[in-house]
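K.L.:
Using the hints, position chain B against chain A.
Number of protein chains: 2
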Amino acid sequence: MTAPTNDRFLRALRRQPVDVTPVWMMRQAGRYLPEYRASRTKAGSFMDLCMNPDLACEVTLQPLERYPLDAAILFSDILTIPDAMGLGLHFETGEGPRFRKVVREASDVAALPVPKVESDLSYVMQAVKTIRRELNGRVPLIGFSGSPYTLATYMVEGGSSKDFRQIKRMLYSTPDVLHALLEKLALSVADYLNAQIQAGAQAVQIFDTWGGSLTPSGYQEFSLSYMKKVIAGLQPDLEGQKVPLIVFTKNGGQWLESMANTGADALGLDWTTDIGQARKRVGDRVALQGNMDPSVLYASPEAIRKEVGRILESYGPGNGHIFNLGHGITPQVDPKNAGVFIEAVHELSEKYHQ
Amino acid sequence: MTAPTNDRFLRALRRQPVDVTPVWMMRQAGRYLPEYRASRTKAGSFMDLCMNPDLACEVTLQPLERYPLDAAILFSDILTIPDAMGLGLHFETGEGPRFRKVVREASDVAALPVPKVESDLSYVMQAVKTIRRELNGRVPLIGFSGSPYTLATYMVEGGSSKDFRQIKRMLYSTPDVLHALLEKLALSVADYLNAQIQAGAQAVQIFDTWGGSLTPSGYQEFSLSYMKKVIAGLQPDLEGQKVPLIVFTKNGGQWLESMANTGADALGLDWTTDIGQARKRVGDRVALQGNMDPSVLYASPEAIRKEVGRILESYGPGNGHIFNLGHGITPQVDPKNAGVFIEAVHELSEKYHQ
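Chains A and B, in that order, are what the protein sequence lines are. In terms of our numbering, the numbers along the first sequence are unbroken and rise by one, the last being 355. In terms of our numbering, the numbers along the second sequence are unbroken and rise by one, the last being 355.
One chain only, chain A, in its complex shape (with noise of 0.2 Å):
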């Protein structure tokens, strides 16, 4: 497979120099786009768009289209994993995604099975060939799962929630369970991405969406120490390449030196964090991917300008910045507000990489 022409992506990622700051956006394949609600109406529902791998690649690339993005993400949905061990994964409008079964006992926990990624998720690495094969080397593609402990959450509460009742008191109650399901859960997620990487994903990322919801010490034990097996268990690409891996965990801010020494490439960064502080914290450790405040996107262009050279300014020059939202581009945004973020990260940067 051809490496990508537009590499901005991959050499920040290893803070080699680049021309302008890489930029892509969290869920950039989704609901503010009027084409993806079409091919989402094409499709039926949200899990067939997910399923069937050409619709899958048709809305991956359809903001590259729009956009000068620097990355394209595999349109997938992070309970991939859960639904292929059996939980029965469903979404009812306007609740987000339920689970039929539920994990809350030890039995639950070995009754489940580690899934035989290839076959039982063909489809996504169907798609991410697809994908592969259709962006023809324009930009690299990103992989990803969600984290062990983000994926047990989901599984102990049957779906979100608001105050994570069912997964606390498993891990207060009985941390053992806990510590057995996030076991399975993190050879599940090195399998999945390493069938991801061998199926031609070129970078990955681990969403850890409620690592944040822990103490500092419940974060490094439940959530943390199982995205360290995850990584250690990650292998090289086709080309026998070390594949560049970035760590988010939404308000993890607090944790970002722990974070650094993980084994990750870069860590994804939400707005509640300085990223010149972030950057001062981690050294030459770690890239750093982030951070604008999404609802930046419902203001001006200008005040969109502004508060990109103003993250720009706080990274200052030098390599080993990915731009990025800190957390998805929310359905209500208007596609002209992302055209301008993405030109003026590109605009901005220039100076910063002279």
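No wet-lab data here; the hints were simulated from the structure. Even for Gly, the Cβ is constructed at its ideal location relative to N, Cα and C. Incorrect hints may appear among the rest.
Selected chain B positions facing chain A (in silico; Cβ < 10 Å) [as the list claims (entries may be wrong)]: (1) G31; (2) L65; (3) E184; (4) W256; (5) N292; (6) S296; (7) Y299; (8) Q333.
Distance windows between CB atoms, simulated [as the list claims (entries may be wrong)]: (9) E348/A to E184/B: 28 to 38 Å; (10) L235/A to E93/B: 43 to 53 Å; (11) L235/B to V115/A: 55 to 65 Å; (12) S161/A to Q221/B: 24 to 34 Å; (13) A111/A to E36/B: 39 to 49 Å.
P.N.:
Here is chain B on its own, set in the frame of chain A:
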């Protein structure tokens, strides 16, 4: 009015020696208590309960009948000020607070009156007086207000919000409009807290529920600076004593140093910050209040005691700790577990105060 018999809470706020660590719970008068639900039914709507001083007193005292708490907190809503400004607060089942009018334009802000708190919010002051009388000096009474930024979020969004679309649009596109609103709110909050103090509140807390959704610079400019103005405007109590003030910014763990420089006597911590680390960071400038994850109350009594012990050990020996949850107690908690929590704090903290 009599000084409280149990003054552990006030002593800890002033970093004076105590026999055991004082403890109270945010939202301790709330839906987890069956007697609260009965009073609520008797009152009618939630606002009917807030606006009836006798019933507000009744529910304020309920948790004190059950548990050896070291402070009472006025039962009220954080949105009384915007309601008094004429925005028409109401509660829709399962939807949280809503306003009939929203604040979006400079003209909306200009039209807002600064409430005459003594008359417009007389029901609050009457509740404070009634509660002080009924407490009869058992424990101190805490008054409170939402922070200017937190109040502004509800006023601009028209209610609760997931992504703060409207207020972020205002913050980034027309910051002057937001500053004008916050200026008015800072005046109103200072008036409101002063009136509570004159009515008998012996400590006050500012709940900055949403300041933690801002960037670090946005927090300084739009939340912290207006809390500073409120604090600078606070008056001593009827006997000329300085009334201790607690600032609690949810998700504010990265900004404790600057919060400690506002003139606050204590900082509230959520559970994502280690309280021992926080103590090192703020030194002897402020007391610390917190910080057990409220979801621990869903776990076993043994697990609750263990977590209380962990937090006490992290804070270590010496003065200046008020134990609390890191956020409000949630409706589904078993009241027995709240009792286990409060007893554990008193019992396990004794050795740190010898």
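K.L.:
If a hint holds in the structure, say so; if it does not, say that too.
P.N.:
Right, here's what the structure says about each hint:
| no. | hint | in the structure |
| --- | --- | --- |
| 1 | G31 | violated (14 Å) |
| 2 | L65 | violated (25 Å) |
| 3 | E184 | violated (21 Å) |
| 4 | W256 | holds (9 Å) |
| 5 | N292 | holds (8 Å) |
| 6 | S296 | holds (4 Å) |
| 7 | Y299 | holds (4 Å) |
| 8 | Q333 | holds (7 Å) |
| 9 | E348/A to E184/B: 28 to 38 Å | holds (35 Å) |
| 10 | L235/A to E93/B: 43 to 53 Å | holds (48 Å) |
| 11 | L235/B to V115/A: 55 to 65 Å | holds (59 Å) |
| 12 | S161/A to Q221/B: 24 to 34 Å | holds (32 Å) |
| 13 | A111/A to E36/B: 39 to 49 Å | holds (42 Å) |
When each numbered hint is compared with the structure, violations occur for hints 1, 2 and 3.
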